[in-house]
Every structure is written in C-alpha cells, then in structure tokens.
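Colleague: Just need the whole structure built from these sequences, with the hints factored in.
Chains A and B, in that order, give the protein sequences. To convert a position in the first sequence, counted from 1, into our numbering, add 1225. To convert a position in the second sequence, counted from 1, into our numbering, add 1.
One should not assume that every hint holds.
[Claimed, not checked] Calculated pairs, DSBU-like style, for lysine-lysine (alpha carbon to alpha carbon, straight line, at most 35 Å):
#  : chain 1 : residue 1 : chain 2 : residue 2
1  : B       : Lys498    : A       : Lys1643
2  : A       : Lys1563   : B       : Lys436
3  : B       : Lys436    : A       : Lys1678
4  : A       : Lys1543   : A       : Lys1563
5  : B       : Lys436    : B       : Lys515
6  : B       : Lys557    : B       : Lys515
7  : B       : Lys573    : A       : Lys1643
8  : B       : Lys71     : B       : Lys118
9  : A       : Lys1592   : B       : Lys571
10 : B       : Lys573    : A       : Lys1678
11 : B       : Lys498    : A       : Lys1563
12 : A       : Lys1613   : B       : Lys571
13 : B       : Lys25     : B       : Lys109
14 : B       : Lys586    : A       : Lys1684
15 : A       : Lys1678   : B       : Lys287
16 : B       : Lys573    : A       : Lys1613
17 : A       : Lys1643   : B       : Lys571
18 : A       : Lys1684   : B       : Lys571
19 : A       : Lys1678   : B       : Lys498
20 : B       : Lys552    : A       : Lys1613
21 : B       : Lys541    : A       : Lys1678
22 : B       : Lys498    : B       : Lys515
23 : B       : Lys593    : B       : Lys556
24 : B       : Lys541    : B       : Lys436
25 : B       : Lys365    : B       : Lys71
26 : A       : Lys1613   : B       : Lys557
27 : B       : Lys593    : A       : Lys1678
28 : B       : Lys593    : A       : Lys1684
29 : B       : Lys571    : B       : Lys556
30 : B       : Lys498    : B       : Lys557
31 : A       : Lys1592   : B       : Lys284
32 : A       : Lys1613   : B       : Lys593
33 : A       : Lys1592   : B       : Lys573
34 : B       : Lys436    : A       : Lys1613
35 : B       : Lys498    : A       : Lys1613
36 : B       : Lys515    : A       : Lys1643
37 : B       : Lys284    : B       : Lys571
These aren't lab readings, by the way, just hints derived from the structure by calculation. From a predicted model like this one, the values you see are computed outputs, not experimental measurements.
The chain contents come next:
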Amino acid sequence: MSLDIRDIYGVVHKGVREVRGSILVLEPIPNVLYDEVVLVRAPDGIDRMGRVLEVSNQYIIVQVFGEESGLETATAVRFTGSTFEIPVSDDALGRMFNGRFEPIDGMGPIVSRERRDINGSPINPRARIHPNNFIQTGISAIDGMLSLIRGQKLPIFSESGLPHNRVAAQIARQATVLGEEEEFAIVFAAMGLKNDEARFFIESFRESGAIERSVVVLNLADDPAIERLVTPRIALTIAEYLAFDLGYHVLTILTDMTNYCEALREVSAAREEVPGRGGYPGYMYSDLATIYERAGIVRGRPGSLTQMPILTMPGGDKRHPIPDLTGYITEGQIILSKELDSRGIYPPINVLPSLSRLMRSGVGPGKTREDHKDVSDQLYDAYSRGLKARDLARIVGEMGLSDRERLFLRFADIFERKFINQGEYENRTIEETLDLAWEVLSTLPEEELVRVKDEILEKYYYRAKPVS
Amino acid sequence: MDRVGEIVRVSGTLVVGRGIPDIKIGEVVEVGEEGLIGEVIRIIEDTFAAQVYEPTSGLKVGDPIRGTGKKLVAELGPGLIKNIFDGVGRPLDDLIRASGPFIGRGIKAYTLPRDIKWSFRPLVKEGDYVSGGDIIGEVPESSTIIHKIMVPHGVSGKILEVGEGEFRVTDVIAKVELDDGGVKELNMIQEWPVREPRPIAPGGRLPLKTPLITGQRVIDVFFPVAKGGAACIPGGFGTGKTITLHQLAKWSDADVVVYIGCGERGNEMAEVLQDFPELVDPKTGKPLMERTVLIANTSNMPVSAREASVYIGITIAEYYRDMGYDVSLMADSTSRWAEAIREISGRLGEMPVERGFPAYLPDKIAEFYERAGRVKVLGRPDREGSVTIVGAVSPPGGDFNEPVTIHTLRFTGVFWALDADLAYSRHFPAINWLKSYSLYAKEILGGFIGSFSMYKEELLNWWKSVDKDFPRYREDAMNILSSAAEVESIARIIGEKSLPDDQRLLLLTSELIKEGFLRQNAFDEVDTYSEPEKSALLLKLIIDFHYNVEKLIRKKVPIDRVLELPVVSKIKRVKFDPRRVEAIKELADEAKSSLQRLASEYRVEVEV
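Modeller: Now the structure itself:
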C-alpha cells in the first residue's frame, strides 16, 4: 500500500514532545484510537508509517516504522482513523513487496475491495480441524522422523553458517501431499535478511517455477529494523486470505525470526519497559504466539496454512529466549547441528532434540505406511544409544566398548551417512525413506529392536537388504 | 443509576478509567461502545485500572466505561459437561455462531445453554427446611454425571413448592420461604465469584486417603498423587507436559475432569475435542467427553483472559466437588497464567521482584493450589468430594530454578520432573525417576519425606490390597535405579565390559525397569492405560527376575549368558501384549524356567 500523506484524510498533529529512537511521544489530542495507523512526516520530507502504542489524557505514544534518522520534534503526524489494514487478493501471487507491502517488482500496488487488519483475529479453537495430512518433503530425516503435517507450524532452529536456507528452499521445492496433485502456494517473508540470501530464495523459486505461486515480502538487512514488526503480519494476512478465503494450501516461510525479536526488544527498550530474560520484553511469548498461531486448518473453510519459521539461535543456544519461547508455541522444531555440518552431512538435522508434535496424527496405516511410527521410534532409540557409545569411545577408545555398544556405534555412523545424508536435489518418496530405514536398522540384531512390534518386525525386518 | 465513566488511558489490555466514584476492586466493567469485558484490578484516587479480556484496538480516550456492579462470576448449572469455553466462560460454539471461525469482539454469551430442557427430579418436598449447599434435586447431565441441584449459598428457608419434569436452567424449579419471610424463587443457575473458594463444611478438610489412579505406571507406582492432592509437572518444551496431562485427563479415575488450556496451542485443544468423544472411560465404559469440561484460552487469545481461565476452571471444579464428586483439574500451563499476571503488573508500573514477576506471585500460586483438597461438603445430605490439581509449568530454558517452578513446588505435594535427555531418546513419560518425588507433608515437614508423608502410608495400604509384598518391590526398584545411576557414571569412564557381574546386573535390571516398566507409549493401543494389576505384576516380574539372576551370578554363572536369554527382550516388550496380565503371568513362568535351565547347565543349585 503505497501511501502518501497528502492522499489520506485525517487530523494532522504537530505536538511531538519527545523523540526516543523510533518512538514519538505526542501531546494528547482527542479521538486518537489505540492501535491506529499514523503517517509521520519529518522535516526531511520522507513519509513514514507508524502506529499508536498507547493513548491517554496525558500523552500519546507512537511507534514509527521506517527510517529513524531525520525524526525530530518538528515532525507532523497524521492520524488515519483506522488500524493497519492491507488490501488482499490473489493478484499478490507472483509478486514481490517490501516489508510495508509496497511493490518492489516495478508493477502497481494491489487493488482490492477486500481489506484485512494485519493483526488478524485468533482462530476459535473449536473451529480448528486437527491437522492430519502428511506432507512429503522428500527429505528422509524430516519425512521419516519429524513428519511435517499440513496446517502445522514447524520451525527450523539453526545457527549462522548452517545451510538452513538451502533446507527451507528444498522443502519449498519438493513439498507435496500424498495423493494430491495440487502444489503449495508459497508466502515468503524475510525479516532483516541479507541481500544475497533473499536472492538465493527468489532464484530457487524461479528455478522450480514456484515463483508463479509465491508471494514475496522482503524486509532486508538494510531496511528499517522496526518495519520487521509488521512484515510477518502482512505476509500472514495474505496467507490467511489465500488459504481460508480462496482455498489454497499455503506454505509460509518466515525468516529470520531472530531479527523480528530483536526489533521487538528495541521497541520495548525505547518504551522503558521492564525487561525480561535477555532484555526481551515479558510479553514476547504472547507476541510470538499471535504470529505462529495463525497456522492451521479451519472447519468449513478450504485450504490450509502451514508455517515454517526459521531462526538462528544466538550463540547456538537452544535455551536462548527466542528459540525457547518459539519452541513452547510451535508444534515441534527441526534443529540443525554444526557438528553434522562440519562432517559434511546434508541436511545437518540433529534428530534427537528435534520433534514434530503432529507427526503421530499424520502417519501410519492408511496415511503413510503401517511401520512408520515403530520405525521412527526405533531409529531414535538406536541412534541415541549410538551417540552414547560414541561419547564413551572418545574416553575409553573403541576397543574398550562392549560388543553391544560397538554395534550401536556402527549403527550411528551408518544412520548418519545413509539415512540423514542426501542430496540437495534428491527427492525421496516416503516408501524409499522407510525402506532405507529398514536397511539401516538391519545392521542391528532382531532382539535390539525393542520398539518395534512383533508383527511389524516379522513383515519388514527380514525383507530389508542389509547395508553394505 | 447509570454508573458510566470515561477512558483516560489505553495501553494494551490495560484500560484506565475515571468517573465512577463507587467502583470496586474485582468489579466487571464494560469498556467502549462495544462493551468489551474487563475487570477492575486497581483503584488509584479517582481513577481505576481494568484488565480487558478482549483486544482493545480502536478504543480512545473519552470512550465510555460502564460499571456492572457485579464481580467476575462463573455461571454454574447443568450444561457445563461436554462443553468448551473461553477464558471468561463463553461457549466457543456461541462465539462461532456470532463471528465465524475467527473470534470477534464484544460478543456476549451465556455460559449455560438456555434452550436445553433438563429432566429435573426433586429430592425434597414441600415443607422441608433447606439451606445453602443442600441438594434439592438432580438432573442427568450426561450419560455418566448426575448433576445435583443445590441451594445457593446464603439462601435458607422452607420449601414452598418444588417442581418435577422438564425445565430450562432459567425456569423456576422451587420456591423457598426465607427466614425473614420473603420468598425466593430458585432456578438451576448459580453464580459464584471465581476468585473466592466455595465454602465447605466447618472443619471439613479431610486427610487424603486414596490415590488418583492414572493408568500411568511411573505415576501410579513411583510418584502417585492422592485424590485431593496437588501435583506440579514442570518441563521444557518437547518434554511431554501436554501429552502427560492429556493422559491424566483421559485415564485418571476421577468422576469429572476439568481441563484448562491456558495460553497453549490451538491445535492441541482441537485434538482433545477430536479424541475425547471417541475414547472410552475404563471406569464407566462411556465416552470420556461425558465427564469432561474444557476451557480453552489459547496463546493468541487475549492475555488477561488467561488469568481468568484458571479461576473459572477451579470454580467449576469446586462446584462438582460440592455435588460429592472426585474432580481432577489439569491446568496447562500455569506459567502462562503467571506471565499474564506479570504483564498486567508491568503495565501498572508495579515494582518487579524476581524476573519481572510481582512480589505477590507466590500468594497467587498458593491461593490457587490451596483450592485443591478432599472435603466434607457444606449441606445435606452429608457427602465428600475432592479436587485434585495437576499444574503444568513451562520454565524458561527448561531450567527449574525460576520463580514459577520454585513457588509451585512449595505448594504442591508431588513433583514430576520432566527431563529433556529422556525426551530426546523418546523415553516417555519423560519423568525423571531420580529427581521426582511424591509427598504430602506440609512445607514444614519437607525434610522428613519418608516418615511424615501422609499419603505414602495410605498408598502402601492400597498397594498391599493389590499385592501384599508390593511396597517392597517399589522400594527395591527405586534402590536399583539409583544404584544403577552410580554404576552408569563409572561405566561411562571405564566401559561396561570392565565392570563386575553384579554391577552389570544392576545395569541390566535398570534397563528392564526403564524399558519394560517406566516407558509407556501414550499412543499404543494396549499400553496407553496400565491397570493397577498390570503395573504391579510387571514390576514384580522384573524385580523377581533380578533377584533370581543375582543368585545365579553368586554361583559364578556369567552374566553374558543371562543377557543372551530371549526372555530379556521379551520382558521389555510384554507391556504391549494385548493379553495384558495373562501374558505377564506366563512370561514370569518362562523367566523362571529359563533361569532354571541355565542353572542346571552350570550345575549350580539355586532356587528360583
């Protein structure tokens, strides 16, 4: 929505009392709405968008999105009388926008009668359908052990330097629902992404032809930081419209949520709020929830909204507030590991701390294959024993291990090399993934497969061809 | 007498108003033209602050704010069971009818359905003298719950008339001539202010006698909770809090279950709504939904309503307790409730003490958990009821050393410590057997866990009725696990092979206990519920096996030969056998005979 301060009617107010970074404190005037959108014009002539954070009979607090430098007390603020709304339409597919929803692909703005508040409204839990459609991503580690389900929110927890973008692009390229022809529409929101990373995604969408069914909303690293607070909400508002009004199955990629949270902290600090852990505001959990909880499937509406947020864990620490609060809201997490990456394993997914909470409702007989759950459980069990043996071998040496421990140590190596590791353009079907799992498991004797039920064991264990 | 003031400040969910001189703390206000629901939480000179239970965008200074003269109440009566409400008690179905699948603002809805006619059967007759809490009649609310209609507290007098037949909740079912001569018409609705505990008979707190059977072995056998007790289940994300609470809501042998989803995931509530009508209560054989009340205020719904949802839930639980039922309440997660308190406190500019939480956080937590208990109910006929509270806690970073976990532990008797390492190796329930405890000693007796624990002894008696030797098995299992933990730390340095056979036996047995007994798959058709007899026999099988192997080892039979026995992997898997107890009994015989054969092979004389 390209907005010009002259085009919008509304009260113009010049009583700026204080400028605190991106926060303006104004003299009180009547009829200002809480959460109202404002336009801010500083003497430098640049128009910025803003939002009312607090109204009272003593002062008005306004949050400015956009360039901070140039703001001064001689700034004019125009109150628009409405909350932050964007026009929504499927014309947005195949288009590219900046973080404020202004087109950056040289074409005109989206025109539609249908306008939506970017904050959305919470989905009534009673109106949700519990997600249960397996999405085949073609990546064995995910499909076999962390299945992605349509309507799920499943983040990737990564670190700087790891190939999370390549993994996300591969998922966007390969994701299909078994037995359905229709491909996902992709809504891609970048918050503070580097230019080359953004280009990588766009190229990847272009290459696979996905660009035609993609909406790209970009706030890049050199764009205003505070704008990142609205970027994911704009993207999700379009995604919700595509999914719940027009019936698309939408995959939304939000990256990097860490930059979003830092913008949130910046605003909180400017407002002099009591800081929580790591200086992040105490309401960060609720704030993140208003983004992540917008995934789902709604009764009586076609379509679905699946979310894959990406965040880089500061210092690689899973207990840092950003991954921590995210993990409490999302339905699992896919954790990438530096160690696997340095050994050349792609995708470097550390399956042990990773989890897909919705997996069990989307896999099994009639959905993927009857052995899926047992196989997954057994892989977890054996791999965690293998890693324990590997730790031990570092101390006592491989020779000091018992026969049983050596068996699991060998299993862990084969599992990482054969099952986890795969090509960036290798698209494995779920059948292939599960058969591969049995091949890997067949390196263990039958009595060690305690998490597999007898009938499953009989049917699949002896059929598997052993791994060389 | 219209009590209308005006808004002077809006900051998030906090709205400050002015101009209602006689406003009271706890009074419900209607905010703005849409009449958003709020509750007064502070009065400062001529202004007052209200937390609003709906999104506040679009409000402005000068908008009206109306005092209702009422406190935040729960509407109690037939129609709660099988229903699902938001944090302030509005049925979610009514919200869908009003605004579609996305929740709109300013929607008014009654908690209890007004259109359903209930079949009322009186239990008093004309001329009877009744007072608050007395049961005057009953209606079948669901296929398992008979809803007792009680005289509201504060009403007493002589029954003038009492009806029989089909009534709506708003219809008059009885008339009472009050002590002061007035006449009071009673219908089936009671209102109760949610922040006040419902009264019980004088001196009516009863000792906790019976365990809440949950069908989860690690809980029932190792760390049980009593009916009327309170338990705390803290754990980082992914450690299985929600699934454990779902398991308790599904399988615990309470009469009524109140499940509060407070600031958690919407899809999880959708799952409960999908599963519960299909699952069958092992006690009654009826769908679980027939005894369940759900409250859902998911993480993206207004923060302040999280605070209210916990109180609405406990008030409903007390109400069914007052009918004489054993009620269990699950709150997932109390951390979100505490965070809502913190957020409001921050917006009020109060002094933070610990991690931003206000100084009164422990009081709030204590007040909540103290509403658990087994009580003699006020009113006739004499009856007892209980409320058991199980509260999930979501500690930041999974670190239990934080205010909500610490204070919750102070006021609960059972601690189920969820462990990330167990969860990573998919050992569920990931309840750490070394850190968890169960006691019902009051705080001051905390140091004397064994000797003063009230319900430990009661529990022993109960288990004795299952198997007279049982308490010994539990003690042995706990001892083996803790010794094995020490041996494991040695094995980590020198390798398992270098250990003597008796220590390797400890490792074997602890593996059997972990794999064959403690680990219980919530999604396995057979093992999702383990009846007490199965739990007991399974543990007995493992401990007996341990002592028998020990006898062989003393006679120099190498443990490697024992490890090779097929019975070892069968012990780990027998819990999945659909023949349940029968299969365990058979395996116990098989275990004995295979050890016997091994003994004769080595020509040693042992009695197994």
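Colleague: Now, for every hint given, state plainly whether the structure supports it.
Modeller: Now the hints, each set against the structure:
For the hint pairing lysine 498/B with lysine 1643/A, the CA-to-CA distance comes to about 29 Å; that is within 35 Å, so the pair holds. Restraint check: the Cα-Cα separation between lysine 1563/A and lysine 436/B comes to about 31 Å, which is no more than 35 Å; the hinted pair holds. Distance restraint check for lysine 436/B and lysine 1678/A: the Cα-Cα separation of roughly 31 Å lies within the 35 Å cut-off, and the hinted pair is therefore satisfied. A threshold of 35 Å between alpha carbons decides the hint, and for lysine 1543/A with lysine 1563/A the separation of about 13 Å falls inside it, so the pair holds.
Between lysine 436/B and lysine 515/B the CA atoms are separated by roughly 15 Å; this keeps the pair inside 35 Å, and the hint holds. The hinted pair formed by lysine 557/B and lysine 515/B meets the criterion: a straight-line CA distance of about 26 Å does not exceed 35 Å. Distance hint between lysine 573/B and lysine 1643/A is fulfilled; the C-alpha atoms sit about 29 Å from each other, no more than 35 Å. Restraint check for lysine 71/B and lysine 118/B: satisfied, since their Cα atoms lie roughly 27 Å apart, inside the 35 Å limit.
Using a Cα cut-off of 35 Å, the hinted pair lysine 1592/A and lysine 571/B holds, with the two alpha carbons roughly 30 Å apart. Taken as a hint, the lysine 573/B and lysine 1678/A pair is honoured in the structure, with Cα atoms around 11 Å apart against an allowance of 35 Å. With a C-alpha separation of about 32 Å, the suggested pairing of lysine 498/B with lysine 1563/A holds against the 35 Å cut-off. Distance restraint check for lysine 1613/A and lysine 571/B: the Cα-Cα separation of roughly 24 Å lies within the 35 Å cut-off, and the hinted pair is therefore satisfied.
At most 35 Å may separate the alpha-carbon atoms for a hinted pair to count; lysine 25/B and lysine 109/B meet this at roughly 22 Å. Straight-line distance between C-alpha atoms of lysine 586/B and lysine 1684/A comes to about 27 Å, which keeps the hinted pair within the 35 Å bound. The hinted pair formed by lysine 1678/A and lysine 287/B meets the criterion: a straight-line CA distance of about 29 Å does not exceed 35 Å. Between the alpha carbons of lysine 573/B and lysine 1613/A the distance comes to roughly 20 Å, so the proposed pair stays at or under 35 Å and holds.
Of the pairs offered as hints, the one joining lysine 1643/A and lysine 571/B holds, with about 30 Å between alpha carbons and a cut-off of 35 Å not exceeded. Using a Cα cut-off of 35 Å, the hinted pair lysine 1684/A and lysine 571/B holds, with the two alpha carbons roughly 18 Å apart. In summary, the hint linking lysine 1678/A to lysine 498/B is supported, as the alpha carbons are separated by about 30 Å, within the 35 Å threshold. Taking the CA atoms of lysine 552/B and lysine 1613/A, the gap is near 30 Å; set against the 35 Å cutoff, the hint holds.
Proposed proximity of lysine 541/B and lysine 1678/A is supported: the alpha carbons are some 23 Å apart, at most 35 Å. About 21 Å separates the Cα atoms of lysine 498/B and lysine 515/B, which keeps this hinted pair within 35 Å; it holds. Distance hint between lysine 593/B and lysine 556/B is fulfilled; the C-alpha atoms sit about 17 Å from each other, no more than 35 Å. With a C-alpha separation of about 23 Å, the suggested pairing of lysine 541/B with lysine 436/B holds against the 35 Å cut-off.
As the CA atoms of lysine 365/B and lysine 71/B are separated by approximately 22 Å, the hinted pair is consistent with the 35 Å bound. The straight-line distance between the Cα atoms of lysine 1613/A and lysine 557/B is roughly 30 Å, inside the 35 Å bound, and the hint therefore holds. With a C-alpha separation of about 24 Å, the suggested pairing of lysine 593/B with lysine 1678/A holds against the 35 Å cut-off. Straight-line distance between C-alpha atoms of lysine 593/B and lysine 1684/A comes to about 30 Å, which keeps the hinted pair within the 35 Å bound.
For the given pair, lysine 571/B sits about 25 Å from lysine 556/B by alpha-carbon distance, which is consistent with the 35 Å threshold. Of the supplied pair hints, the one linking lysine 498/B and lysine 557/B holds, its CA atoms being roughly 16 Å apart against a limit of 35 Å. About 32 Å separates the Cα atoms of lysine 1592/A and lysine 284/B, which keeps this hinted pair within 35 Å; it holds. A threshold of 35 Å between alpha carbons decides the hint, and for lysine 1613/A with lysine 593/B the separation of about 32 Å falls inside it, so the pair holds.
About 28 Å separates the Cα atoms of lysine 1592/A and lysine 573/B, which keeps this hinted pair within 35 Å; it holds. Taking the CA atoms of lysine 436/B and lysine 1613/A, the gap is about 21 Å. The hint holds against a cut of 35 Å. Between lysine 498/B and lysine 1613/A, the direct Cα distance comes to roughly 15 Å. Compliance with the 35 Å bound is thereby established for this hinted pair. With a CA separation close to 30 Å, the supplied pair lysine 515/B and lysine 1643/A stays within the 35 Å bound.
This hinted pair checks out: lysine 284/B and lysine 571/B have alpha carbons roughly 29 Å apart, not beyond 35 Å.
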